[in-house]
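**Student:** Listed here are the chains, written in short residue letters.
Protein chains: 2
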Amino acid sequence: MKKVAIVAVGITKFNKSEKPLESLMLSSIRPIFENTRNLEQDDIDVLLTSTNANRNYLANIISELSGIKPRISHSVESLCNSGTNSLVSAYAYVSSGLADVALVVGADKSDNPGLVLNWDMSRGEYRHPIFWSSMFTSAHMRKYGTTLEDLAYVSVKNHRNALDNPHAYFEKPFSLDDVMRSKNLTENLRLLDCSMPCDGAASVLVCSEEKAKKFTDMPIWISGIGQKTISASFTKNNDLASMESTKSAVGDAYRMSNKTACDIDVVELHDAFSICEIIELEDMGFCRNGHGSKLVRDLHDTNNKKVNPRGGLIGAGHPLGATGIAQVVEIHQQLSGKAGKRQVDGAQTGLVHNMSAGSTSSTVLVLEV
Amino acid sequence: MKKVAIVAVGITKFNKSEKPLESLMLSSIRPIFENTRNLEQDDIDVLLTSTNANRNYLANIISELSGIKPRISHSVESLCNSGTNSLVSAYAYVSSGLADVALVVGADKSDNPGLVLNWDMSRGEYRHPIFWSSMFTSAHMRKYGTTLEDLAYVSVKNHRNALDNPHAYFEKPFSLDDVMRSKNLTENLRLLDCSMPCDGAASVLVCSEEKAKKFTDMPIWISGIGQKTISASFTKNNDLASMESTKSAVGDAYRMSNKTACDIDVVELHDAFSICEIIELEDMGFCRNGHGSKLVRDLHDTNNKKVNPRGGLIGAGHPLGATGIAQVVEIHQQLSGKAGKRQVDGAQTGLVHNMSAGSTSSTVLVLEV
Chain W
1 MKKVAIVAVG ITKFNKSEKP LESLMLSSIR PIFENTRNLE QDDIDVLLTS
51 TNANRNYLAN IISELSGIKP RISHSVESLC NSGTNSLVSA YAYVSSGLAD
101 VALVVGADKS DNPGLVLNWD MSRGEYRHPI FWSSMFTSAH MRKYGTTLED
151 LAYVSVKNHR NALDNPHAYF EKPFSLDDVM RSKNLTENLR LLDCSMPCDG
201 AASVLVCSEE KAKKFTDMPI WISGIGQKTI SASFTKNNDL ASMESTKSAV
251 GDAYRMSNKT ACDIDVVELH DAFSICEIIE LEDMGFCRNG HGSKLVRDLH
301 DTNNKKVNPR GGLIGAGHPL GATGIAQVVE IHQQLSGKAG KRQVDGAQTG
351 LVHNMSAGST SSTVLVLEV
Chain L
1 MKKVAIVAVG ITKFNKSEKP LESLMLSSIR PIFENTRNLE QDDIDVLLTS
51 TNANRNYLAN IISELSGIKP RISHSVESLC NSGTNSLVSA YAYVSSGLAD
101 VALVVGADKS DNPGLVLNWD MSRGEYRHPI FWSSMFTSAH MRKYGTTLED
151 LAYVSVKNHR NALDNPHAYF EKPFSLDDVM RSKNLTENLR LLDCSMPCDG
201 AASVLVCSEE KAKKFTDMPI WISGIGQKTI SASFTKNNDL ASMESTKSAV
251 GDAYRMSNKT ACDIDVVELH DAFSICEIIE LEDMGFCRNG HGSKLVRDLH
301 DTNNKKVNPR GGLIGAGHPL GATGIAQVVE IHQQLSGKAG KRQVDGAQTG
351 LVHNMSAGST SSTVLVLEV
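First to last, the sequence lines map onto chains W and L.
Going by UniProt numbering, the first residue of the first sequence is number 1, and it counts up by one from there.
Going by UniProt numbering, the first residue of the second sequence is number 1, and it counts up by one from there.
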């Protein structure tokens with residue numbers, strides 16, 4: 001298996017705008033061409049697009065608009081973890097030797113499909129993701145005594161982290177009281193416990209070890225990959241106080257990279273809702289089961305940016321097809337020492353966790369200097 | 001680069017039906033499980049879906065409906081060559097070592113999007129593919145003296161071949177006169193020169209060399225891959241009497257497999273319209289430029305099934321996301337000696353050519369015993 005490096009990244013402001021999807025994608029590609037030495041359009045063998053929008057031939061349209069004539073070009077879709085799926089696909093193209101340089105571009109608009117789980121008729125009226133989130137919350141509360149205040153700490157911390165992220169959707173802090181008093185959506189879920197669907201795009205350039213030398217002196221390596229799909233319907237998760245697909249994916253990613261949670265300096269995890277961050281910290285071994293709430297409070301109290309330094313989905317916004325790629329952009333910036341006010345000192349190893357539809361599918365990546 | 005084998009295939013009847021897309025996909029997967037020794041759901045690491053339909057999370061839905069819990073699962077879209085793009089992606093997952101066994105499933109319904117090139121505003125009213133086909137036809141006529149009768153031979157031959165394909169859309173022969181007198185769509189394109197959008201699904205199971213031994217005594221190897229995208233708009237093709245992306249893709253596939261056109265015993269090529277078969281035969285080296293029409297007449301006159309033995313898109317029908325996979329199914333059957341009345345005697349090496357949108361993107365695969 002050939003080594004695969006991330007050599008450049010690009011991202012747009014996350015907001016709600018009139019910009020078409022294609023323009024968002026191009027805006028996230030531009031900095032990659034502007035900031036990467038020796039990079040020409042002809043270097044790019046693969047262009048993959050990641051989106052939930054109803055489009056045909058999007059990768060080819062973006063290729064033409066970018067002046068790229070790739071050998072391989074197609075779209076990748078897997079709902080909220082489309083972004084990391086497309087990155088893993090690019091990894092496979094490079095690692096197999098079929099390609100040397102792959103550009104991965106993800107974007108969505110706030111009104112793209114994928115926000116409601118229309119295919120799952122068995123949900124009846126409960127098709128909106130707030131309902132699976134609420135069921136995970138109930139299960140965790142029953143099993144571990146998690147409180148509404150615990151959940152609120154996730155939101156306060158991540159909105160605070162987002163203040164140092166110029167691309168984040170939210171640009172103001174929220175207090176514990178703000179979160180606790182925000183609109184009740186279900187008996188245990190408030191509006192500020194939710195990530196915000198929005199517009200945004202992110203791009204990542206990956207390449208082989210030989211090509212990496214041409215483009216950068218500081219490649220960041222993808223050293224671990226784990227993915228798992230258990231179903232399309234979250235009711236198949238055996239224990240709603242944990243996420244089966246995440247546990248499987250992180251185990252594979254740790255094995256492949258020969259790392260454990262103790263080796264991870266900085267984490268981007270998929271906090272679609274507050275409860276997700278608490279469960280995922282437990283499932284990925286950053287604390288024992290039932291101790292996720294305490295860990296979040298500690299991170300909050302000590303202003304520790306190790307987890308979701310860019311603000312997570314709750315603070316930065318959630319343009320579905322861009323999210324997984326935006327998480328990778330952040331870890332690339334952190335490991336390159338270019339994360340500005342968000343920088344985790346001395347970060348050498350980072351982890352990305354991206355998931356879909358009530359954690360029915362999860363992707364975990366380990367990145368290293 | 002690890003070797004990758006095709007070990008099993010499945011396909012549905014191509015027709016127009018009330019069956020939902022998901023049911024078509026499952027129908028094409030079933031024979032793979034029924035006919036492959038030792039294959040269990042848990043063997044499958046990757047499930048990729050190929051379609052132009054507006055769906056979210058389709059690969060995960062098909063996984064759940066099939067009782068499969070893959071590590072990697074997502075959809076792949078690249079208009080009419082979605083099928084071969086998904087197969088090349090599966091190849092990369094296996095060849096890189098990220099996965100051992102990948103199931104690729106393609107399907108479309110006759111009313112799925114992708115039949116009209118809605119994104120290309122520069123086409124004005126000429127968004128339907130018949131217009132690019134007509135322009136290719138005009139260019140080839142001007143340059144090489146190709147006639148309407150030459151085109152009709154492609155249709156007659158491929159409809160005749162389809163009679164021996166129980167999965168084909170068309171089930172009756174058409175004479176030269178039938179084709180010549182079928183409805184004029186443009187000045188040089190008649191209805192029977194066109195492939196028919198229809199419903200259909202096809203599946204292919206690929207795996208590593210080690211795993212192949214478990215599932216079959218007769219693996220078929222993917223030995224050559226070439227892909228190229230030149231644009232999203234066919235007007236970028238420099239010479240409309242040939243297909244730039246096809247020439248690039250076939251060159252790469254021949255190089256990778258160390259083969260030339262002389263080594264190919266059986267060909268599935270993308271005859272979306274009659275003119276495509278003539279140009280593609282020339283561009284892939286099966287005859288000299290301008291001699292495609294003569295080659296088609298010879299194949300017709302000698303009842304030689306080497307090119308599009310299952311009837312091509314014109315005879316078998318064109319369910320967009322399934323087409324590239326159905327072509328691979330046919331070559332697999334041919335190289336396995338299981339093509340029944342369509343069998344090309346002693347076929348050891350086959351080629352698949354699948355393309356999109358006026359040949360703006362092409363994929364070529366070389367398969368070997």
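Check each hint, because a few of them may be wrong.
Since the list can't tell identical chains apart, any single copy or any two copies may satisfy a pair.
As the list claims (entries may be wrong) - Derived pair list, reagent style EDC-like, types lysine to aspartate or glutamate, alpha-carbon separation capped at 20 Å: (1) K2 <-> E209; (2) K247 <-> E64; (3) K236 <-> E64; (4) K338 <-> E64; (5) K2 <-> D298; (6) K338 <-> D42; (7) K236 <-> D42; (8) K306 <-> D345; (9) K341 <-> D164; (10) K19 <-> E64; (11) K338 <-> D265.
Bear in mind the hints are in silico, worked out from the structure with no lab data behind them.
**Student:** Which hints, by number, does the structure contradict?
**Tutor:** 4, 5 and 6
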